[in-house]
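Asks: Sequence:
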Amino acid sequence: LIPQRHLSRISPDQLTPQMTEEIAGFFNVAQPTLPHLRRSRGSIVAVTTAATRRFPVRDGLSAAGKGAVEQLCWGLAAEEGRFGIRVNCVGPGMTTAGMAQDLTASGDLAEADFAAATANIPLRRFGDAADIAEAVCFLASSRAGYISGQHLAVDGGYGV
1 LIPQRHLSRI SPDQLTPQMT EEIAGFFNVA QPTLPHLRRS RGSIVAVTTA ATRRFPVRDG
61 LSAAGKGAVE QLCWGLAAEE GRFGIRVNCV GPGMTTAGMA QDLTASGDLA EADFAAATAN
121 IPLRRFGDAA DIAEAVCFLA SSRAGYISGQ HLAVDGGYGV
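Numbered by my numbering, the letters in the sequence shown go through residues 1 to 160 in order.
Hints listed in this document are in silico derivations from the structure and should not be mistaken for laboratory results.
One thing to keep in mind: the hints can contain errors.
[Unchecked claim] Ranges between beta-carbon positions, derived for each pair:
#1 ASP13 with GLY145: 21 to 29 Å
#2 LEU123 with PHE55: 17 to 25 Å
#3 VAL47 with SER106: 32 to 40 Å
#4 VAL57 with ARG143: 33 to 41 Å
#5 ILE147 with LEU15: 26 to 34 Å
#6 GLY159 with ARG5: 40 to 48 Å
#7 VAL47 with THR20: 17 to 25 Å
#8 LEU1 with ILE147: 15 to 23 Å
Yeah, the Cβ is synthetic: ideal placement off N, Cα and C, and Gly gets one too.
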């Protein structure tokens, strides 16, 4: 569970492992696949966050690492496109499972916070796993064959 704190309350000792997990984790999985993806003209879709487009206060520790992953994706899209590799990101907003569920269970997301978060989403609801999966499947498919280097926010309009 990533601490939900203002950045001023995050210590370097908390920041370093989180950045390592996010950034090195993505790179250590994506980079070795490149030879295969070059042969198959394949695709990478990273699941990041809508928080790289509209910053949610107290979520900087999560958003920063995912923002760095997005930069790696843009770099891979620019460098590997010549081999037919497409690289995109899906940025989920609040969902009914995952972090929101964990934060509610831990008490870090109270009912009032949940209501305020919902009010900030134009569609007035949290997404679900199927919403995110559909976006990932589309970007990975041949139907998205001319889409690369993009961030698709799946956030109910939170970013507008």
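Asks: For every hint, state whether the structure bears it out.
Replies: Going down the list of hints, with the structure as the test:
1. ASP13 with GLY145: 21 to 29 Å: violated (44 Å)
2. LEU123 with PHE55: 17 to 25 Å: holds (20 Å)
3. VAL47 with SER106: 32 to 40 Å: violated (22 Å)
4. VAL57 with ARG143: 33 to 41 Å: Since the Cβ atoms of VAL57 and ARG143 sit about 37 Å apart, the hinted range of 33 to 41 Å holds.
5. ILE147 with LEU15: 26 to 34 Å: For ILE147 and LEU15 the Cβ distance comes to about 33 Å; the hint holds.
6. GLY159 with ARG5: 40 to 48 Å: violated (23 Å)
7. VAL47 with THR20: 17 to 25 Å: Given range 17 to 25 Å: holds, Cβ gap about 18 Å.
8. LEU1 with ILE147: 15 to 23 Å: violated (33 Å)
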